[in-house]
Amino acid sequence: MKSIAVLAVLTAAALTLAACAETGTTPVTGTQARTADKPAEKTTDKTPPKPLRAGLDPWANPDPFPSTYRPVPSGPTAIVGATILTAAGDQIDAGTIVMAEGKIVAVGKDVPVPTGAQVIDGHGRWVTPGVIDPHSHLGVYASPAVEAQSDGNEATDPNTANVWAEHSVWPQDAGFNRALSGGVTTLQILPGSANLFGGRSVVLKNMPAQTVQQMKFPGAPYGLKMACGENPKRVYGSRGRSPATLMGNVAGYRAAWIQAAEYLRKWDDYKAKIAKGEKAEPPTRNLTLDTLAGVLKGEILVQNHCYRADEMAQMIDISREFGYHIAAFHHASEAYKIAPTLAKEGICVDTWAQWWGFKMEAFDGIEENAAMVDHAGGCAIVHSDDEHLIQHLNVEAGVAMAAGNRAGLGISRARAIRWITANPAKSLGILDKVGTLEPGKMADVVLWSADPFSAYALADQVYIDGALAYDRSDPSRQPRSDFELGQPGPRDLMKGGNR
Amino acid sequence: MRILGQTLMAAALATTLVSGPSRADTIAVTHAHIHTMGKGGEIASGVVLIDNGRITAVGRDVAIPAGARIIDAKGRIVTPGLIVTGSSVGAEEIEGVEPTVNSGVEGGPLSAGFDIQYSLNPDSTVLPIERLTGATSALVSPMFRGRRGDTRETLFAGQAAAISLAEGPDILLRAHVAMGVDAGDRGAGRAGGARGALIPELHGLLAEARAYHRSRAAYDQNKVQPFALRREDLEALGAVIDGREPLLVEVHRASDIRQILAFGRAEKVRLVLSGVEEGWRVAAELAATQTPVMLDSDEDLPVSFEKLASTLENAARLTAAGVSVSIHGPGLSTGGKAVRLAAGRAVGHGLPWSAGLAAVTINPARALGLADTVGSLEPGKSADLVVWSGDPLDTSGAPDVVIIKGREQSGRSRQLDLRDRYLKAADGLPPPYH
Numbered sequence: 001m002k003s004i005a006v007l008a009v010l011t012a013a014a015l016t017l018a019a020c021a022e023t024g025t026t027p028v029t030g031t032q033a034r035t036a037d038k039p040a041e042k043t044t045d046k047t048p049p050k051p052l053r054a055g056l057d058p059w060a061n062p063d064p065f066p067s068t069y070r071p072v073p074s075g076p077t078a079i080v081g082a083t084i085l086t087a088a089g090d091q092i093d094a095g096t097i098v099m100a101e102g103k104i105v106a107v108g109k110d111v112p113v114p115t116g117a118q119v120i121d122g123h124g125r126w127v128t129p130g131v132i133d134p135h136s137h138l139g140v141y142a143s144p145a146v147e148a149q150s151d152g153n154e155a156t157d158p159n160t161a162n163v164w165a166e167h168s169v170w171p172q173d174a175g176f177n178r179a180l181s182g183g184v185t186t187l188q189i190l191p192g193s194a195n196l197f198g199g200r201s202v203v204l205k206n207m208p209a210q211t212v213q214q215m216k217f218p219g220a221p222y223g224l225k226m227a228c229g230e231n232p233k234r235v236y237g238s239r240g241r242s243p244a245t246l247m248g249n250v251a252g253y254r255a256a257w258i259q260a261a262e263y264l265r266k267w268d269d270y271k272a273k274i275a276k277g278e279k280a281e282p283p284t285r286n287l288t289l290d291t292l293a294g295v296l297k298g299e300i301l302v303q304n305h306c307y308r309a310d311e312m313a314q315m316i317d318i319s320r321e322f323g324y325h326i327a328a329f330h331h332a333s334e335a336y337k338i339a340p341t342l343a344k345e346g347i348c349v350d351t352w353a354q355w356w357g358f359k360m361e362a363f364d365g366i367e368e369n370a371a372m373v374d375h376a377g378g379c380a381i382v383h384s385d386d387e388h389l390i391q392h393l394n395v396e397a398g399v400a401m402a403a404g405n406r407a408g409l410g411i412s413r414a415r416a417i418r419w420i421t422a423n424p425a426k427s428l429g430i431l432d433k434v435g436t437l438e439p440g441k442m443a444d445v446v447l448w449s450a451d452p453f454s455a456y457a458l459a460d461q462v463y464i465d466g467a468l469a470y471d472r473s474d475p476s477r478q479p480r481s482d483f484e485l486g487q488p489g490p491r492d493l494m495k496g497g498n499r
Numbered sequence: 001m002r003i004l005g006q007t008l009m010a011a012a013l014a015t016t017l018v019s020g021p022s023r024a025d026t027i028a029v030t031h032a033h034i035h036t037m038g039k040g041g042e043i044a045s046g047v048v049l050i051d052n053g054r055i056t057a058v059g060r061d062v063a064i065p066a067g068a069r070i071i072d073a074k075g076r077i078v079t080p081g082l083i084v085t086g087s088s089v090g091a092e093e094i095e096g097v098e099p100t101v102n103s104g105v106e107g108g109p110l111s112a113g114f115d116i117q118y119s120l121n122p123d124s125t126v127l128p129i130e131r132l133t134g135a136t137s138a139l140v141s142p143m144f145r146g147r148r149g150d151t152r153e154t155l156f157a158g159q160a161a162a163i164s165l166a167e168g169p170d171i172l173l174r175a176h177v178a179m180g181v182d183a184g185d186r187g188a189g190r191a192g193g194a195r196g197a198l199i200p201e202l203h204g205l206l207a208e209a210r211a212y213h214r215s216r217a218a219y220d221q222n223k224v225q226p227f228a229l230r231r232e233d234l235e236a237l238g239a240v241i242d243g244r245e246p247l248l249v250e251v252h253r254a255s256d257i258r259q260i261l262a263f264g265r266a267e268k269v270r271l272v273l274s275g276v277e278e279g280w281r282v283a284a285e286l287a288a289t290q291t292p293v294m295l296d297s298d299e300d301l302p303v304s305f306e307k308l309a310s311t312l313e314n315a316a317r318l319t320a321a322g323v324s325v326s327i328h329g330p331g332l333s334t335g336g337k338a339v340r341l342a343a344g345r346a347v348g349h350g351l352p353w354s355a356g357l358a359a360v361t362i363n364p365a366r367a368l369g370l371a372d373t374v375g376s377l378e379p380g381k382s383a384d385l386v387v388w389s390g391d392p393l394d395t396s397g398a399p400d401v402v403i404i405k406g407r408e409q410s411g412r413s414r415q416l417d418l419r420d421r422y423l424k425a426a427d428g429l430p431p432p433y434h
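Chains E and A supply the protein sequences, listed in that same order. For the first sequence, position 369 (counting from the first letter as 1) is numbered 369 according to the numbering used here, and the numbering increases by one without interruption. For the second sequence, position 352 (counting from the first letter as 1) is numbered 352 according to the numbering used here, and the numbering increases by one without interruption.
Which residues of chain E face chain A? A partial, calculated answer using Cβ under 8 Å:
#1 144
#2 336
#3 358
#4 364
#5 368
#6 392
#7 399
#8 406
#9 454
#10 458
#11 483
Using C-beta positions, here's what the derived DEER-type ranges look like:
#12 110(A) to 341(E): 45 to 51 Å
#13 433(A) to 341(E): 18 to 24 Å
#14 414(A) to 213(E): 46 to 52 Å
#15 486(E) to 290(A): 29 to 35 Å
#16 486(E) to 125(A): 46 to 52 Å
Please keep in mind that the hints were generated in silico from the structure rather than gathered at the bench. Source: prediction; values computed, not measured. Glycine is no exception: its CB is placed at the ideal position from the N, C-alpha and C atoms.
With the hints as constraints, model all of the structure from the sequences given.
Right under this line is the structure:
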């Protein structure tokens, strides 16, 4: 009897959720509340219901920590004569790219240079979109890695969907500047993987700033960090609480989604009553369920740490049961085992080339993972999860490309560049703004000293929204964090490669 | 399915590595662009002649004996096999799986007496994967286990070994190539929590070892004060105090490096330093004392207060000052794969290319006292070499042929087995049949 009752509840919940997931697939942008969530105004002659006090309606202000990012003003710039990988088409040899007012204006072989533009000689050099790392802990696990700055894992409960990574980000982490010198212009900062639900991610533009709000990518949707596998069950199992097994993990996800569906139903009921002018008691706002409900409404993207193929398949079933979509599996060492499935589901694969075997669930990782996912028609991404690797994601992508080509998969540079630009942009819901070199997009551009897939390649210049954010030959364009001032060494560092 | 079939055929053609180990007979690698890393220098087109596991000749004009097996390099680059440092390959299978981790102990009872040669597993799946990166030997370093410095533990991590990555059961190249010890934050933690305790305690422990080796009889008859170290530790330190075995000291901050150099002078022991992020600030002293260093050339962040002056130019600056630099990648236990590309990135940051190659061949060989047998292509040395498809320090290059101890090595690994199984698996039967 008991099991039947549970089943009935689950079915009802699933239906409610499916309905909710149909609505609102657009990401949250800006500060405006969605009109559909505003109390209806046609309550005729009765006194209009008082709006809830500020902060009590989760949908009234979906962006309480708004971006204050402002592009640095810049004049028109043209890089001429470079080999250009646009991440949206074929390789362009001896091409020109023109940027103005923060946007890409034109890219191609025969593009005129506008009068008054600053002209950069790109001969012998390469141009790509700014590198996008969809898996970073910069700022939340900052340098120096002292206990006082270990802010990436709220490992106090298996479900901490209530925490937001941006509230842990220390903008003075020198790692941001080093990543910039490696061509990284956009990055997603995630909570760690101790919990089933680790919390919200935040997408940043890699422009040095004093506050995280000044770095927040305008209009980027939030992500929810979820974690499969060994980490959550180890962390909580060792404390004698659930989850202690993989089946405990899955029970934990499902229980949380049921709560979230119930939460949405209560708010929908409340809003419906208010709209009809009836009296109703508002549900109590719950930050954990706000985030989970945001996923069910299609506004928050699921970023799911998951190594093993069999677990990924189960996470896909759970997403179907509750009516949401997984944006990307992270690490995904075994993605190549189910590459066609992941391609069909439209789930991106964020992975490495050379990191494998450091724990049991990573034992089957192979260098060709990204190439095999790409070959199956999937969305392959090379990510870092590391403050050093983030500085040379281009080389890691080069390793993955070379391995794929040794396997006969025929991966071109024009294709592989997508793994660190267009595909991560897609996985973060910002491909309409960055990730490729196409007119109208943000002018986030890297000028490389050499073939970007070479170990020798250095980012000579990095542009963010058309402004020169980093220049290897100009110390005045090499940002240093406050922490680095007055410390031994920094003044002498990074004079630039002299190869 | 036709496309996949072609893919697999292309994959098979792409690798010229034969399957299964070949016999150690006479081999001539011809038309090779040879970087000998020894007295022979660089040879634009030459021959490496191998007989019975050893190099017998290297040069432009080498007479090739009748019956020798010819491997035509067709102008490709040939280098000594690379030497992996900064890892515990062969003593660890999976870092996160406790029973497979044999690289060190937590809280004793042994310290200096810990001997990693007994931890080696020649069947480790990691070894073929390393081999496919062009590595032919490796330093297997003892690692401290457990939490860092929050319990009082011994200062010595134990004795490192060098291994050959050749197929077969005999991977030990040399035992006792170095004695591991931590200085800096972690060493201070082990000494009780402050640097002020570390150097005095190290002096004290070496004094015990000297006393022990002066008179084992006195020790056996309990005629000496009780020692902090056990007999196994005291025995192991014998090679250190008489200068046969270097101390491999992990140290980071410039001032700590100076302290360790002074300690080495006072104790008249040999030193090899690892970590050395701020080494460039004391480059002249390192060069003057001819102290070799082993470093992660990718470290450029102030990740701790003892690494504030980290820079990607560390390897280039140290080399320019005349210091012998060995390069390894970031400190993952199974991260030796990254060695050659770490050297390549250091080249991007100012290190001359030949110094980059030296940092993964002859320099670690010399630092570890192995240069009589590995690290360069010279007559009399072990025939460990790689024929590269391209630049060995760049992503475009990969090993086409790996020869260790005169035997051509298999081109297979567990990773390639997985790859090929899932490339084939689209063809019908479930993967376990492939």
